[in-house]
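Student: Residue numbers (my numbering), protein chains in the order written: chain B, 1 to 290; chain C, 291 to 603.
Check before you lean on any hint, since a few could be wrong.
[What the hints assert, rightly or not] Have a look at the derived ranges for each label pair, beta carbon to beta carbon:
1. Lys385/C with Ser227/B: 29 to 37 Å
2. Phe39/B with Val586/C: 26 to 34 Å
3. Ala415/C with Leu45/B: 19 to 27 Å
4. Ala592/C with Val85/B: 35 to 43 Å
5. Lys191/B with Met585/C: 38 to 46 Å
6. Arg202/B with Leu334/C: 20 to 28 Å
By construction, these hints were calculated from the structure, which means they are not laboratory data. Quick caveat, the model's predicted, so the values are computed rather than measured. Heads up, the beta-carbon is just placed ideally off N, CA and C, and yes, glycines get one too.
If you want the building blocks of each chain, they are given just below.
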Amino acid sequence: MATVTPDLGRAGGSGGEGSNVLRLGKPFRYTVLILVGAFFIIPILASARFSFLGNNNSYTLSAYTQLFGTPQFWSTLWLSVKVGVGTVALTLVLLIPTVIFVHVRLPRLRRLFESVSLLPLVIPSVVVTLGVITSFRNLPNIIYGTPVILALEYVVLALPYSYRTFDSAVQSIDLKTLVDAGQSLGAGWIKLLRFAILPNLRSGLLGASILTFAFCLGEFAVASLLSFTTFPVFLVQVGRLEASQAVALSLIALIFTWIPLALVMIVFSQRRGARRVAGVESAIEAAVAD
Amino acid sequence: MAVKDEIRSGSESVSGGGGEAPADAGRPRRARRRGRWHTGIGALPFLVYVSLFLLVPAISVVATAFKNGNGQFTMANFDEAVHGVYLQSFIASIKLSFASALIAAVVGVLTALAVSATDNRIVRALVTAGSGVFANTGGVPLAFSFIATVGNFGVVTKLLASAGFDPYAHGFSLYSVLGLTIVYQYFLIPLMILIMIPPIQALRKEWIDASASLGASRFQFWRWVGIPLLTPPMLAAFIVLFTDAFAAYATAEALTSGTIPLVPIQLGSLISGNVLAGQTNLGDALGAGMIVVVMVAALLYAYVQRKASKWLR
Chain B
1 MATVTPDLGR AGGSGGEGSN VLRLGKPFRY TVLILVGAFF IIPILASARF
51 SFLGNNNSYT LSAYTQLFGT PQFWSTLWLS VKVGVGTVAL TLVLLIPTVI
101 FVHVRLPRLR RLFESVSLLP LVIPSVVVTL GVITSFRNLP NIIYGTPVIL
151 ALEYVVLALP YSYRTFDSAV QSIDLKTLVD AGQSLGAGWI KLLRFAILPN
201 LRSGLLGASI LTFAFCLGEF AVASLLSFTT FPVFLVQVGR LEASQAVALS
251 LIALIFTWIP LALVMIVFSQ RRGARRVAGV ESAIEAAVAD
Chain C
291 MAVKDEIRSG SESVSGGGGE APADAGRPRR ARRRGRWHTG IGALPFLVYV
341 SLFLLVPAIS VVATAFKNGN GQFTMANFDE AVHGVYLQSF IASIKLSFAS
391 ALIAAVVGVL TALAVSATDN RIVRALVTAG SGVFANTGGV PLAFSFIATV
441 GNFGVVTKLL ASAGFDPYAH GFSLYSVLGL TIVYQYFLIP LMILIMIPPI
491 QALRKEWIDA SASLGASRFQ FWRWVGIPLL TPPMLAAFIV LFTDAFAAYA
541 TAEALTSGTI PLVPIQLGSL ISGNVLAGQT NLGDALGAGM IVVVMVAALL
591 YAYVQRKASK WLR
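In isolation and in its complexed conformation, chain B is listed as follows:
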């Protein structure tokens, strides 16, 4: 969907940098930032308060202790982690050869492959789930009847984030030269990947992995409609019975999603300073913008 070309911002250069060239007064800026900031911070503070609130307006940790004592909390979290790890592994196996291949052999088709990776944005995940049920019902039970199907689908559904992140990382290194150099020194593709290409793509790989993993931990629609009790599905079940526990759980989930995502964003803002044509950051910008 979003073809928000990452290089747009850099092209114009000095736009908003440094001085108030946009001619917006201080009162306007601070009013907007404070109001919007409040909208984003208040629900977090409210959740924290709500989750610590006991019966008689006293503060208690009971929502948290009860939660950690629930075996389902751990089992569903473990399931989500397993699905996430599987998805990340599968994503990397699929993306690394594909993106590198496209850059080396089919540079003219780069945009096409990128559009393919954005297809999941055009097909809502509820619709994909229905399609999975109608078309894969007859597959062997090991695939369709187990969370394996979740990992298989998540690879596709997270592509808009993972593909573009990795693609821009590859774009930002001089891949052709690396390949030429390696080949002229007699390295095969395995050696080339292992010693020359992948070490240069570490942050791209990390970014793609984190975004994919965060997606898997939060995904609800597909898991719930295919009747797998992953962490978010468990969260909804808790919410039907015990609001304060659900809020506590949400707070934990949010914080644990924010930490890795913030990590990606920090990596990205540091690279912005370091290099003009930075890959990961623009990709994240673009991926997130989708």
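Based on the hints, put chain C in the right spot on chain B.
Tutor: Coordinates of chain C only, in the frame set by chain B:
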């Protein structure tokens, strides 16, 4: 980093000596064809994978939508999907997505402008990183944190009630379309900020200086330069937000337990087995309808995006 530079500088001299085409090479070079043994295996698995796990399901939904329970061709599913409660859910979904996207677009642009005009690097870094994080935080946890805030017994609800204004006594409910519109802002506004910061920063300093030296007032600058330049990217962003809101399922389901008539929710409840006799493939027709709505949005997007990219290069 040092290793990388080493490899790079080393490789440059090698390729320079090899008489390869200069750096602009946008097309595959003949010299490459030698290593043919792995050609083809590179990109094929990816395309096969996406076809199998995305296109096959999507196509099967559309194909099934034209069939009745016995596998014969019929338009009855679509007939049902565009009447009565299902028509209502399409209308409600489109209204909700349109309103949410509109509010988020306005607030997001104002915020992006405010951030771009701020000298404070920390504020900028904070807003950009925060937007990246929040835009990715949809779903179930979000619903519950809003329940804790402005739900029936939410913290802010209680505060307002004790201050003499109980929103629930004045017709407000979080578990409604209005409530969803508010909750959706939490991931739509950051999305808008992220999309709009690059085009706003691309407003060239020369243009701003030029308009200033020509004596343009602040109003004139925005009327003749700023707004015309930012309108196409804003429209494109609006469509992205609309699509995002239209396809959202988790937040609405968690917040309303499936009681609100929106297309994804209706489809979800059909999938979960609440299928009446004679409605076997109705869900597929709803799914096909959703694809059509998003496709229309995507086409509009492509059109607007083409216009948008004209100036901001």
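Student: Per the hint of 26 to 34 Å, is the separation of the Cβ atoms of Phe39/B and Val586/C within bounds?
Tutor: 31 Å Cβ-Cβ, so the 26 to 34 Å window holds.
Student: Does the Cβ-Cβ separation between Lys385/C and Ser227/B fall within 29 to 37 Å?
Tutor: 31 Å, holds
Student: Quick one: are Ala415/C and Leu45/B within 19 to 27 Å, going by C-beta?
Tutor: About 22 Å separates the Cβ atoms of Ala415/C and Leu45/B, which means 19 to 27 Å holds.
Student: Could you see if the CB distance from Ala592/C to Val85/B stays within 35 to 43 Å?
Tutor: 36 Å, holds
Student: Okay, Lys191/B versus Met585/C on CB: inside 38 to 46 Å?
Tutor: 45 Å, holds
Student: A range of 20 to 28 Å was offered for this pair. Does it hold for the Cβ distance of Arg202/B and Leu334/C?
Tutor: 27 Å, holds
In summary, the structure agrees with every hint in the numbered list given earlier.
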